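*Asks:* Sequence:
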Amino acid sequence: MQEQKLTLTNASGLHARPAKDFVQIAKGFESSITIVKGDNSYNGKSLMKLLQAGLAQNDELTLQADGADEADAITALTDFINNLDE
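Here the sequence shown is numbered in this note's numbering, starting from 903 and rising by one per residue.
Treat the hints with caution; some may be incorrect.
[What the hints assert, rightly or not] No more than 25 Å apart at the CA atoms, straight line, and that leaves these computed lysine-lysine pairs for BS3-like:
#: 1; residue 1: Lys-922; residue 2: Lys-939
#: 2; residue 1: Lys-951; residue 2: Lys-929
#: 3; residue 1: Lys-922; residue 2: Lys-907
#: 4; residue 1: Lys-929; residue 2: Lys-939
#: 5; residue 1: Lys-951; residue 2: Lys-939
Source of the hints: derived by calculation from the structure; they are not laboratory data.
These numbers come from a predicted model, not from an experiment.
All chains, full assembly: derive it from the sequences and hints.
*Replies:* Laid out in structure tokens, this is it:
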């Protein structure tokens, strides 16, 4: 399993549209994808779970990927979160 700690800098957080895009990217990988915020974990391939996380600007989260393509998944999803600009 690989993980990456991130701070969500996007002013609007990870609201519905970018969350949908995140899920689409995550589903392109075989690895399981999990976002950890505080003591809670959320399935990164489920739009409903991501929206329940209520990810807002300046939230610190840990992105975890576990599977055959975990390194590529971490890279792609970290780039996506770090480059959100809406």
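*Asks:* So which of the earlier hints does this model not fit?
*Replies:* Nothing - there is no hint that the structure violates, so all of them hold.
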